[in-house]
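A.B. asks: Quick mapping for you: the protein sequence lines, in order, are chains A and B. Here the working numbering is used: the first sequence runs in plain steps of one and ends on residue 668. Here the working numbering is used: the second sequence runs in plain steps of one and ends on residue 478.
Hint data in this document are derived by calculation from the structure and do not stem from the laboratory. Please read these numbers as outputs of a predicted model, since none were measured by experiment. Backbone N, C-alpha and C fix where the C-beta goes; we use that ideal spot for every residue, glycine too. A hint or two may mislead.
[Stated by the list, open to error] Listed next, the stretches of chain A that the computed footprint assigns to chain B, with coverage defined by at least 3 CB atoms under 8 angstroms from CB atoms of chain B: (1) 317-330; (2) 347-360; (3) 368-380; (4) 397-409.
[Stated by the list, open to error] Here are a few chain B residues that sit away from chain A, every Cβ distance over 10 angstroms (derived from the structure): (5) Ala264; (6) Glu319; (7) Arg353; (8) Gly413; (9) Thr434; (10) Arg464.
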Amino acid sequence: MTRRVDVLVVGAGPAGLVAAARLAAAGARVEVLEREQRAGGVPRHCAHRGFGGPPHALTGPAHARRLTEAAVGAGAEVRTGVTALDWTGPLALATVGPRGAETLAARAVVLATGARERPRAARLVPGTRPDGVYTTGELQQAVHLYGQRIGTRAVVVGAEAVSHAAADTVRAAGAEVVALVTDLPRAPAPAARTLQARLRHRTPVLTGTSVTELLGRGLLSGVRVRHRDGRTATLPCDTVVFTGDFVPDHELARHGALSLDPGTRGPAVDGALRTSRPGVFAAGSVLHAAESAATAGREGAHAARAVRDWLAEGGTGRAHWPTGVPLLASPPLLRIAPNRVTPSDRLPYVLRTAIPLSRPSLYVTQDGRPLHRQRLPLATAVPHRPLTLTPRWTHRVDPAGGPVHVALA
Amino acid sequence: MTVTASGPLPAEPYDVVIVGAGVVGCAIARRLAHHPALRVALAESRDDVGQGTSKANTAILHTGFDAVPGSLESRLVREGARQLAAYADESGIPVERVGALLVAWDEEQLAALPRLAEKAGRNAYHDTRLIGPADLYAREPHLGPGALGALHVPGESIVCPWTTTLAYATQAVRAGVDLHLNTPVEHAGHHDGVHRLTTPRGPLYARRLVNAAGLHADRLDRSLGLDDFTVAPRRGQLVVHDKFARALVRHILLPVPTARGKGVLVAPTVYGNVLLGPTAEDLDDKDATESTAAGLRALRAQGRRILPALLDEEVTAVYAGLRAATEHDDYRIRAHPAQGCVTVGGIRSTGLTASLAIAEHVTGLLTRTGLDPGAEHPPEPVRMPNLGEAFPRPHQQPERVAADPEYGVLVCHCERVSRGEIRDALAGTVPPRSLEGLRRRTRARSGRCGGFHCGAAVRALFEEARGREEARR
């Protein structure tokens, strides 16, 4: 038996909840499927402030609550503990939850399945398999949601913003941060953050250093590190947190055989957040693992507009579904999202770079034809922080032309 | 039903104590449980069954096609494979008969295939078939370029090693075998027909001893004055890939053994993953179960040749196991009537396959040491929770979810493990004593996210159950 709704949103994080709130407010029958027991996504376990609109004073959990209340208040049905298992049709999903199995069909689907950090195994860090090995996500949930004990001395792998958030969680749990370790030659977090760690918390931030082995049987006893100059050392610790290195939770997109972007490994979308399948949209960190909750929320709102247009056009296979042309980021740019482009696109693009760039300028071309040149308002662009490219050039794109390239000028 | 993990051990001598609760020790315990008159204990040094070699292997149910013809191993693998296939069916242990392809990558390997087919015949396995490159690539379209042909061994299967060991242990414990965990046997002395086993929990007494101590079997033997073999641990590192890799491979892709070494295999698992490995490193340290950068690099290089697309998929686990190799070519299973003891040594990578036949064989040897097992009464069959992808999981069975909504609440999303399955495992006959133990019973936290999403939630369920358990005591 199949139940029908107007819009199915998969994932009740910032992107999904904002999209659901907007669509429900516009009168659509919206159902949000959330596999966790509570809605809110990653902000649920980010205890620090910096969420919500200016002055960004909300904590993550407060932001998660507000987004959920807004979606529910607007009339969206937010169902927690319900998993979207697989597709049963182009716009239909098999689900399971405490009330049993159910197939849901919709006129539009929004994938807002988010991202995760790659754990130790995926990073192929050798050594023993002791207890005390975390990602930021697991650590934050353990400490902030469940009040579980962690160890007493933690090494944090990574030195970007999320790594400092993990370090804060370690300290909140009453444990000591032994060091933040990054293989980058320079600390990628904002300078003030790195300085605060070094001076206020007296936490070393070890750059140019990689973790080469985990030690200890049963419980972690230390990590082996190697500096790029060849020096090695053992940092005694009983906890290690692998931070950053986000990858999209793209499993549902792959099960649906949606086209993926090779740079992001998330579903390829155009500026209206349309995936390769008519009626299926995507928003949030599944597109670009991972950007801020604010970026995800902005995309949720943008997706809601695009879904409304699609529903207004009839929301069927006969309606117009432009596919756009590929939008490719050239090295040393790592990735760009959206990553397809049509002439009417109006969503700013989010990029990342693999290496630090001094006074970067971006140059957009199609088939050798210049479309746009933009100096970024940054003295230095660094890895692990987003760069933004305006969409004010998309009207120059030839929809019948070749791929559009974004490169460093 | 008795499972202990702390406190003093019973003072009365057991009729038989089996040292080592790996897959072989558990199979022997289960076999002896067919004789209700016997008082049997299973002593394990770790906090769970199957914690050594039995948990970290290639999870293959072998046909024995490449055993040494005429050896004990050849016979026990052949018999054991048949018995385990039937037992798995009865007990709900996932098995998939995917078949194996021994892929030849050079002329030397290609030339070895007919010899291997002939050897299979001498091991009474007659279903092998040589196939050419066209047939090979039709069967395995994602295979890397350059393969020259293969030997198809249709009977090779994949199996869940954790469920197998746990099924044996569960059945044994329910039929009256005492399982003593956290009980490393440090020394064995034999006086007046009774063994006195020294453990940190105090002495354990036994009229007959079965040494199934795996990597440590030689040390235990020596404390009884026996010097039959020396265990030389051989480490195998393995890399597990995420479920999207499962579509890349249909068979177990075996290397062709040549004079220059054995090479690595690529094999699907019953959980829907793909294994790459193992390395084969001869070591001295019986605890060296760590993975190494060099080992992983070598595996990735070989994997890239065998199945290039495999390297693009996420790695969900890296582990290393130690095989209990000895200086001998065959199993070393010996009765020592003077010592009232049977030693089960040198069980290398085929122990899982042969486990039920080894148990049968060891029971026979025990009677030769003068043990009268008494009447035989088969224990109650067990039905294990299914961890395999080829069979329905609880959340996929609407009637089960309707009867118990906890099977519809998924906690571990990558592996789709429900709260109901975790609850069941925590209340099992041989319950887990660690998150790792829970993982082996349910697959919870063994997926691509490594606990990013579910780790804390699973830990909360585990600690809650442990808390209840302690409050009861």
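A.B. asks: All hints, please: hold or fail.
C.D. replies: The hints, checked one at a time:
1. 317-330: Violated - the stretch 317-330 of chain A has 0 residues with a Cβ nearer than 8 angstroms to chain B, which falls short of three.
2. 347-360: holds (count 6)
3. 368-380: holds (count 6)
4. 397-409: holds (count 6)
5. Ala264: holds, 29 angstroms
6. Glu319: violated, 5 angstroms
7. Arg353: holds, 22 angstroms
8. Gly413: violated, 5 angstroms
9. Thr434: holds, 25 angstroms
10. Arg464: Its Cβ does come within 10 angstroms of chain A, the nearest being 6 angstroms, so this is violated.
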